[in-house]
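Novice: The residues making up each chain are set out below.
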Amino acid sequence: MVLEIGIALLRIVAVLAMVMVMAGIYGWFERKVSALMQDRIGANRASIFGFAGAGLINTMMADPLKFATKEDFVPSGVDRLLHTLAPCVGLFAVLVAFAALPFGDTVQVGGRYVPLQAVPLNVGILYILAMLSLSVYGVVLGGWASNNRFSFLGGIRGSAQMISYELAMGLSLVAMVMTYGTIDLQEMVRAQGHLIGGWLPAWGIFYQPLAFLLFLIAGIAETKRAPFDLPEGESELVGGYFTEYSGMKYLMFFMSDFIEVGVVAGIIATLFFGGWQVPYLGADGFHFPFGLSLALPAVVVILLQLATFLLKVVFFGWLQILIRWTLPRLRYDQLMWLGWKGMLPVSLFNVLATALIVLAVQGSR
Amino acid sequence: MTPVPISWFLILGAVLFTIGTLGVMIRRNVIVIFLSIELMLNAVNLVFVSFARQLHSMDGQVIVFFVMTVAAAEAAVGLAIIISVFRNRETVNVDEFNLLHW
Amino acid sequence: MSPVVFGILAVLLMVSAFGVVLQSSPVRSALSLVVTLFLIAVMFLLLDAPLVAVLQVAVYAGAIVVLFLFVIMLLNLQDEPRAMARASILFSAVLLGSLFLLALLRLFIAPNRVRFGVGMMSAVSPDFGSVGSLGAQLFTRHLLAFEVTSILLLVAIIGAVVLAKRRLA
Amino acid sequence: MHEAATVQVNYLWLIPVFPALGVLFNAFVGPRAGKAAVSLVAPAVVGASFLTGCYAFMQLLSQSHGAALVQRLYPWITAGTLQIDVAFRVDALSAVMVLIVSGVGFLIHVYSVGYMSHDPSYARYFTYLNLFTFAMLILVLADNLPLLFVGWEGVGLCSYLLIGFWFTVEANANAGKKAFIVNRIGDAGFLLGLFLLFWNLGPGAHTLSFPEISQAAQRIAPAILTAITLLLFVGATGKSAQLPLYVWLPDAMAGPTPVSALIHAATMVTAGVYMIARLHSLFLLSATTLAVVATVGAATALFAATIGLLQNDIKKVLAYSTVSQLGYMFLGVGVGAFGAGIFHLMTHAFFKGLLFLGAGSVIHGMSGEQDMRKMGGLRKHMPITFWTFLVATIAITGVPGFAGFFSKDEILAQAFGSPHGSPWLWAIGFVAAGMTSFYMYRLLFLTFFGECRADEHTRHHIHESPLTMTVPLMVLAVLSVFGGYIPVPEFLQPVLGHEAGHLDAGTEHMLLGASVLVVFAGLGIATLFYMLQPGLPVLLAQKLSGLYDVVYNKYYVDEFYDAVLVRPTVIVSTWMWRIFDVGVIDGLVNGAAQAVAANSGLWRRWQTGNTQQYAVSMVLGAMAILGYFAWR
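Chains as they are written, first to last, in our numbering: chain A, 1 to 365; chain B, 1001 to 1102; chain C, 2001 to 2169; chain D, 3001 to 3632.
Rather than coming from a laboratory, the hints here were simulated on the basis of the structure. Treat the hints with care, as some may be off.
[As the list claims (entries may be wrong)] Negatives, chain C to chain D, calculated, CB over 10 Å:
#  : residue
1  : 2003
2  : 2009
3  : 2012
4  : 2019
5  : 2025
6  : 2035
7  : 2042
8  : 2093
9  : 2102
10 : 2152
11 : 2164
[What the hints assert, rightly or not] Here are some, though not all, of the chain C residues that point toward chain D, as calculated from beta-carbon distances under 10 Å:
#  : residue
12 : 2086
13 : 2100
14 : 2106
15 : 2107
16 : 2126
17 : 2155
18 : 2158
19 : 2160
20 : 2162
Built from N, CA and C at the ideal position, the CB exists for glycine as well.
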């Protein structure tokens, strides 16, 4: 009993740590990638012995310390409780969303089966959706509780935007659910361990390229990052819903932003790119399609899978940051147009097409 | 796990429902009245799910699903009405919505 | 342990429910409702209804109440100086409310009143409350109702647009 | 009746449907389609009915004697064992009637194309006229009494519409109303008779068709039968303008002249005669009724003829002549000579239709002038009208060899010799025949001979009518000459039975000679008065001024009705309106409303507009239900 609770706690702490580290990495990416793209050095004070890459450690330590020591400014005439609550709610929602993502296969440790997943849920993907939909409260409350027109406008924009894109997001996931025939994320990842035609990994992207595209766009919109960063559009709203925030609270908003990027990257990796699956790697080692086999001990396999998953998540986070620094911001009407008249019909069509194909495949069996 | 009697959930549902009812009766702000109605709906949902659990029947949960759908429709239309009323009367206090009387 | 969990949840639930009804700020009322809904979702989990619980959070807390908040903010509703109704109504409401609660409790608790109102919960099959079982019910026994809800939602969408749209002068 | 010889056919419905289609066309398309289309369609549909009627007639001739063509269309009224169909029957009687209605109707439609050509409501006129043809065909084709009644009411409606066709003149509208109201009095009797008949037919009468009625009638008590037939006859006096309900017909001349020809001479006003002939088996069972019918007919014939003597309006003279001739027909059917009655009906349709159309032609030529004292000498200006009018006059007065002679003589002979008849009836008819001769030749002389008395302006415009008007005149003239040679009574014999009376040859020849004599006597006096000694009539009028005034003013019947019936009715109605309707009826209605309003006034205080109070009330209601279940 105690052991079980201990293992569960361990999993949770592990995931939390992973998420925090991930957020730090993204923060560093944000600076270096933007600098790279804009042909400048960027964050040059954070290098160690002139090696910019090592600045990652520096950034991860220095940034939080800087924020923690800053003055926690609260404007007058605000609802202090809500003002404090807003970043907490936002952070809470995205943190718990991560809990359902599997980062490895179920492992057998001393006669027990331990799923490498913070909370193994049989409603998996719906849970993530539910939690992500809660993250809107952080934005709305932040905007409302700041007693500032700009913040308020940002909050309003944010809530409308997130509700709008949740639809396309959910519908693209519905198509994935239909493809795999389950909503359990662990099951979905296992299903991607097969091979199509003996050589192509059976990743979701090969089944549902349209759903991937839709999810990527909707995911970026959900994280409120460029080109969908209207809730915080600096040129219009100063800082949007977190204009009136500073210090730790500002850091929390910042973190929840990056963690959300991580969540989206995690979902993309899990649903479309095989999750923790390494191509051709089985439980006992590699089995390449051209006949070569390479036996590996179970621990190595598990570590490989774990590393692969993390790599994928980092990669897709990096991709999002790349997009964020590439595309200009949309206008609000364009945003709504894209959400309701572009993405929604396309995702509905995708669901319909998927349903027909699934029906045809099932019928032919 | 020590089981909990089903009646506990029912009593909790009854209490929540009564609180919602009180809210409908005593509040002046129409939106808060609306929120109280949502609270009542959820109390009923809780009772439904409890009965479903007790009777081992999915029907209770199916009904909760429908209640949510209806609540969504009701919220959309109700809030639209509130907005258009507010546009005309500049208030959301129900005791100032008094045109419809003799 | 479960009675303890239940007790804590129940107390929190009642506090947050009173928060919906009694707080003078509409925003705080709405947020209290979110908390209430979240806690009720946890109750659903305890009652082996995980799907309903998730839907509760995703749809109710995540969308419907956001809509409320959105409207509250759109109308810029601040704290009201006089949030409650006049004394006579307040009095009769409280009186009626307690009577109402009494009647409900009598119905739920009194033995031999309601067949299933007493007794402990028995174990359920593992797929009780799962997506599959709810979906199967929805698309077989309750198919007509399910389809009709789509019409209801369509009507609601059109109604909301028509009602809220500003008339061009 | 010969039940066995019934032939089911499937085309009879076409006969009334053609004019019905014409109604639809003229009513909805006509006003936009233009006069040309209307003048093509309106007569064509009636012509189509006529051709279909001819086809039915031919088929009827090919069948055995006494056969009938029947078509059941669909069940109309079904209640318990009662099942009334919409069914049409063509036997010898209705075949004759269909041909008269559609044939003469067709000619008058053609005539109307010319006569009405300048009227702005051209399409409306033909809508009514087609509607009338439709209703009249329903009336004569009906296989049962209720359906006949439908046609009966339909022609009444069309009569009203057409009399008041130029409704912008109040007198015309009033004439229409008068016709309608007087007809309603008659129809009330008809309806009562109908109900009494249904009531007493007893079991076995499911369809109320005519063969069934005549069979079931045998079982009805004679006294009741007398009441039924008398009530039906009241209806007939209304529709066919007999004493005492004839008063509407002279006023009906307010309508367009072709309407007078078609409705108020040839067809509708003969519906009463047709109805009695159709139900002859019923009437034969009641000697009392037959005596009443004959007496009323004879009295009307004489009474109307006396009024006709002194009228100066050309159409009024013809109107009273029509009333008088209808009297002859009733005299005929009243003495049991149904075939003779229908025979006279047919010949009368020809020559009286012709007379009215001729009069219309004259009026048309005289720019609307109807007073004979302002006419004269038209012979030279309107030769075709004159010659055809002359033929018709000869026919109506009963000069041997012409149509009227045969039918009128037949009736007079039967009036004398039938077991239901008497020399008195014959004597009245005889005198009336003389008067007919006088007033018809008077009309002829005043209109076509002598000097023209019209003013300068009118005289210059006198012209012969266009071909569309003169061709029907000529066709009718031919029929007026030769119509008498059609053996109608013999043809009708299988349906209507044998003529009741038989005279020996000597008596018959003597009567014949007498009636020829009286005709020429009338001619002689008319010639003396209006050709040779024009001063004589004035002198006579001064000598017998009292009698002259009474007759000239139509015996003051209208004034009498006005004083005795109309005024009291108006007074009572006014009283009912002021006291009963306004006071009691409206009082009840308003009182009920006020009571509700007062009650609501009390309850609506509940509706304060305070939403919280509503919420509390709602919870109170829910609480009541919940409490019932909790503490029951």
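Novice: Broken hints, numbered, in rising order?
Specialist: Going through the list in order, the structure violates hints 8, 9, 16, 17, 18, 19, 20 and respects the others.
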